[in-house]
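Peer 1: Protein chains in written order, with my numbering: chain A, 1 to 280; chain B, 1 to 298.
FYI, nobody ran anything at the bench for these hints, they're computed from the structure.
One or more hints might be untrue.
Here are a few chain B residues that sit away from chain A, every Cβ distance over 10 Å (derived from the structure) [said to hold, decoys possible]: (1) A57; (2) A199; (3) D203; (4) K206.
Restricting the straight-line Cα-Cα distance to at most 25 Å, the calculated cross-link-like pairs of lysine-lysine (BS3-like) are [said to hold, decoys possible]: (5) K12/B x K108/A; (6) K210/B x K194/B; (7) K206/B x K8/A.
The beta-carbon is built from N, C-alpha and C at its ideal position, and this holds for glycine as well.
Here is what each chain is made of, one letter per residue.
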Amino acid sequence: MRKRHTPKDRLITVALHVALAAGLFFAAFPIYWMLSSSFKSNTEIFALPPTILPKAFTLEAYAAILGDPVKLRFFFNSYFVAGAVTVLTVLIALLAAYGFSRFDFRGKGSLNTLIISTQTIPPITLLIPFFGLVVSYGIFDTYVALILTYLVFTLPYAILLMTGYLNTLPRDLDEAVAVDGGSSWTALWRVIVPISLPGIVATSVYTFLLCWNEFLFALTLTKSTSMRTVPIGIQLLMGQHAFEWNQMMAMSVLGSLPLLIIYLVAQRYFLAGMTAGSVK
Amino acid sequence: MTRQKRTHHRLKRAVAPYLYLSPSLVIIGLLMLLPMVTVIGYSFQNSAVLRRDPSFAGLKHYQAIFDDPVFWASLWHTLYFTCMSVVFHMTIGMIFALMLNSDRINPTLRNILRVLYILPWLFTAVIIAVIWRLLLEPNGVVNSILLQLGIIGSKVEWFSSPRTALHAVTFANIWAGYPLFMVSLLAGLQGIPKDFYEAADIDGAKAYQKLIFITIPQLMPIIISISLLDFIWTMQVFPLIWITTGGGPIYATEVLSTYTYKLAFSSYNLSQASASAVVILLISLGLTLFYIRYQKAR
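The shape of chain A in the complex, shown without the other chains (with noise of 0.2 Å):
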C-alpha cells in the first residue's frame, strides 16, 4: 500500500485534477460550443462577452435544416451509400478472412502483406485514376461510383480485422462439419457465421464510419445537388450562405449523430474498429 497522507502525496493528487480539468476543457470545449452554438440564433453566436449556454434558446437552425428537402437528401445519401458499402463490404470481406484464417495455400504471405499495404496508398493518388474511369464508363455523378470507390477502400482494413477475428474462432467447429462430409462453404455459413457475430459488428461499425466521413472523392465524383453526401453538404452550406453559422452547426451534429450514437452503444466494436490498423 502506498502512503496516501503526506501534504506532498495531496498535492500531487491535487495537480492532477486540475490538469484532467484542462484536459477536459481542451478536448471537450469545441464540441460544446458547436452544440450550444447550434441552439442560438446567429447574432447570439458572436455576442460579446460570449454567452455559454444559449440566453434565447431557439430550434430554429434545426428547423431550417430538417424542414428543406434539399438537406434532408444529403442525408438519405450518406445513409444509403455507407449502408450499401457497409453490406457489401462485410460480405467480401467474410469471404476473404475465411480463406485467410482456415486455408494455407501458395501466395498467402505475400497477399497478406500486399493487403496490409494497400491501406496505405494516399486516396488523392487513385482520385484521378478514379475520375477518368468513372467518367468514361458513363458512372460519373452516380451512387455506383461512390460505392465501388469506397469499396476499395474499407476492403483492406475490413479483411484484416474479420481474420484478426476468425483466428481467434477455434478450427475444431469447422473440422467437425467436414467429419460430417459438409464443405467449407457449409462451415462459413453454419458454424462460422453465427458465432462471428462480433467481429461483424466491429467491422460493419468500421466500414460505416469510413463511408460516413469520407469527403475528397464524394467531392469529385459527384456534382448534383441530389447526389452529395453530408460532409460535402456542410461545405456546400457554407459556401451559400458564410454566416448562417447556427445551421451549420445544426447540420453537424445532425452529421454527427450516427458515430455519437455507435460509439455509445457499441463502445467496445467501436474501439475495435478505430484501432484495427494499429494493433496487430
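Following the hints, complete the assembly by docking chain B onto the known chain A.
Peer 2: What follows is chain B alone, placed relative to chain A:
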C-alpha cells in the same frame, strides 16, 4: 471415403481459398492496382484523361513539378503539418493516457473522462474544420477569450493571415487526432505487468524513473507503429485544410494533397497532377515498406 472421393476432396480444399479470396482480389486488382498503374501512365502523357490519343511526354511533367516553387512549399508545409501533428498527438495522447491510468482518480470519474477525452475522434474532418472555423473566427470565442486575458492585443485572423494559418490548421489537426494514441497507449498501459512497478518500488524508484525505465520502453512498440501510421495518414490529410483555408492565403497552407487536387480539378492539368500524385505515392510507399518491415520484425 473412396480414393477418388478423397482426391476430389483434396482438390476442392486446394482451390477453395482462391475462390473465397477472388472477389476481394478482383476488386483490389481492378480498382486499386490497375488505377495505380494508370496514374503512373498518365504522368508520362500530354493532356491525360482529357484527350483520347495523348502523346508521350517523357519526364516533362515531373520536371514541371520539381521546378514549381509551390510544390516545394507544399512539401515543406506537409512535413511541418505532419511532424508537428504526430509529435503532439503522441505527447498529448501519452499525457492523457497516463493521467487516466493513475490510481489517484476515482473509477467513475475515470470512465466519464475517458469517454469525454475521446470526443474529438467522433467527428468527421469536415465537421472539425467547421467547428474550428467558428472558434477561430476573428469575432469568435477564442479571440474574445484571448483578448479578455490580455494574451493578444487585437483580433487575430487565424486562418486568413499567412503568419498564423499553417499553425492554426496544424493545431486543429492536433486536437482532432490525439485520441488514437490515447486509446492505444491506455490499452498498452493496462498490459504492463504490475510486478514491474512493485519491483521498482522495492528498489525505491521515483515516479519519473518508473516512467522512463518501465512505462516508456514497454509502450515503445505501440508508440512506433502508431507514429508511423499516423505519419502516413496525416501526410494525406485533405478535407481539414480544404475547408479551413483551401490551401491559402497565398499558398501559406498548401500541402501536397491540396496542391495535387488544384492541379487536377482547378487547372485541369491532369498530367501534371498525376506526376504529383505519383510523387506522393512514392513517399507513402517508402514509409509503408518501413512500417511493414517494422511489423514483421516485431
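Peer 1: All hints are to be evaluated individually against the structure, with a verdict given for each.
Peer 2: Here's how the hints hold up against the structure:
1. A57: 15 Å, holds
2. A199: 15 Å, holds
3. D203: Fine: 15 Å to the nearest Cβ keeps D203/B off the interface.
4. K206: 12 Å, holds
5. K12/B x K108/A: Judged against 25 Å, a Cα distance of about 17 Å means the pair holds.
6. K210/B x K194/B: 12 Å, holds
7. K206/B x K8/A: 14 Å, holds
Going through the hint list in order, the structure satisfies each hint without exception.
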